[in-house]
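Undergrad: Sequence:
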Amino acid sequence: MNSRAEMLGNGKISKVLLKLSLPATVGMIVNALYNVVDAFFVGRYVSQEALGALTVAMPIQMIIMAFALMIGIGAASSLSRSLGAKEIEKADHVVGNAIISILVVSIVISGVGLIFLDQLMNAFGATGDIIGYAKEYTFIILIGTLYYPFVVACNNLIRAEGNAMDSMMIMIIGTGLNLILDPIFIGVLNMGIKGAAFATIISQFASLLYIFRYYFKGNSSVKLRKKHFKVDFSIITEICTVGFSSFMRNFLASGIAILVNNMLKEFGGSDALSIYGAVNRITMFLFMPIFGVIQGMQPIAGFNYGAKKYDRVLEVVKITTIVTIIIATVGVVIGEIFAEPIVGAFFSNKALVGDAAMVLRILICVIPIVGIQIVGGSLYQSIGKALPSFVITMLRQVIIFIPLLLILPMVMEDRLLAVWITYPLSDLLSTLITSILIMAELRKIRRLHEETIL
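For the sequence shown, the working numbering gives the first residue as 265, with consecutive numbering after it.
Don't take each hint at face value.
Claimed, not checked - Think about it this way: if two alpha-carbon atoms lie no more than 27 angstroms apart in a straight line, the pair counts; the simulated DSS-like pairs of lysine-lysine are:
(1) K573 <-> K708
(2) K582 <-> K572
(3) K279 <-> K572
(4) K354 <-> K494
(5) K279 <-> K458
Please keep in mind that the hints were generated in silico from the structure rather than gathered at the bench.
Take these sequences, add in the hints, and give me the full structure.
TA: So, in structure tokens, the structure goes:
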């Protein structure tokens, strides 16, 4: 057993979780700065309409991420379980087939997006004063799509090996360069929203170079050979099946973003789109520490489930749930108290700050309990149970959210406020249902543990 396997299978859970989740959390926070920094410079130094254009462009970025995470998380789960079961040859084939799959997906998404760019921007809710900015930004982002999904997928694979530091460095390099290039391209060179897009794809390319270095230098426990790139549809099917809930989570989020954009366009115009663009990025930033801890949990849960060490699976789920609730509560308290100065950083038009602060307070109020739902869905992914993970995803993003989004504006006098209220209400109801499902699954795992010690 190598040192990484020893750590995942026998190390003290709290210490292993800290070791894996701390760099993952730092990396996720740093990675979230991509969107936050873009929004800050675009809102401050280009125009309010350009900030709204980032909101319109967001669905296509979510679709890109949906495919990248389907393959990345699905392959990472399979890789963790294969390493835990000491199936080294299968682990190598998993990585090889994941790389082939993501390259094909990247080419297809980029091509389709560029061909239908005009139609997509109209469908995504662009108003007349926003659509020009949206097309300029999205065209450049789609060029970067030729390689960015590869970065996302491989980052998940690297983390699944237990190499959290390398995973963190991939994100830090990209975001660090973006922090440097944004003010240069937007502020100094006066490239406008194009500058934000170019800064993003150049930064992503820098992350790609680090990934190449990781594999070619032999840092990976996976040793890829030509034979490992032979297409194996059984492996690809397993990857896509396990990662399907992640795909649906992001794909449905894209569909919801399109629906929300069009409702905001109708009820509040470009001002509402600009507010949503800023507040949504702040909200996602608050989620990043939660995602970081959960990413630290996943290889531990997957490895030990594969190794039939079920007591360790139960322990890591318990610790992760407690930690995510604490972190989320701290973030929400800060957001609620300092809402005005936080959102004020994104707007040169101070008239929008009050409305944006109100929206931020509404959207983040129940984040602490949402962590329970995310832990549950991630647990199912880690142990290879795709269907329950998919059901949890559907609960929050479709089964509950969409009916509320359509009904509340019809029964409330303030239709724009109804759109904002939909988010926390949906989170609350879906988390209650998810908690019931997760408790049932944990009882099953506990029974498996009891059987192994008899």
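Undergrad: CA of K279 to CA of K458, is that 27 angstroms or under?
TA: violated, 44 angstroms
Undergrad: Is K573 close enough to K708, meaning Cα to Cα at most 27 angstroms?
TA: Given that 27 angstroms is the threshold and the Cα spacing comes to 13 angstroms, the pair holds.
Undergrad: Decide if the proposed pair is consistent with the structure: K354 and K494, CA atoms, cutoff 27 angstroms inclusive.
TA: Given that 27 angstroms is the threshold and the Cα spacing comes to 12 angstroms, the pair holds.
Undergrad: Quick one, are K279 and K572 close enough, alpha carbons at most 27 angstroms?
TA: holds, 20 angstroms
Undergrad: Are the Cα positions of K582 and K572 separated by 27 angstroms at most?
TA: Measuring from Cα to Cα gives roughly 18 angstroms; hence the hint holds.
When the structure is compared with the earlier hints, a violation turns up for hint 5 alone.
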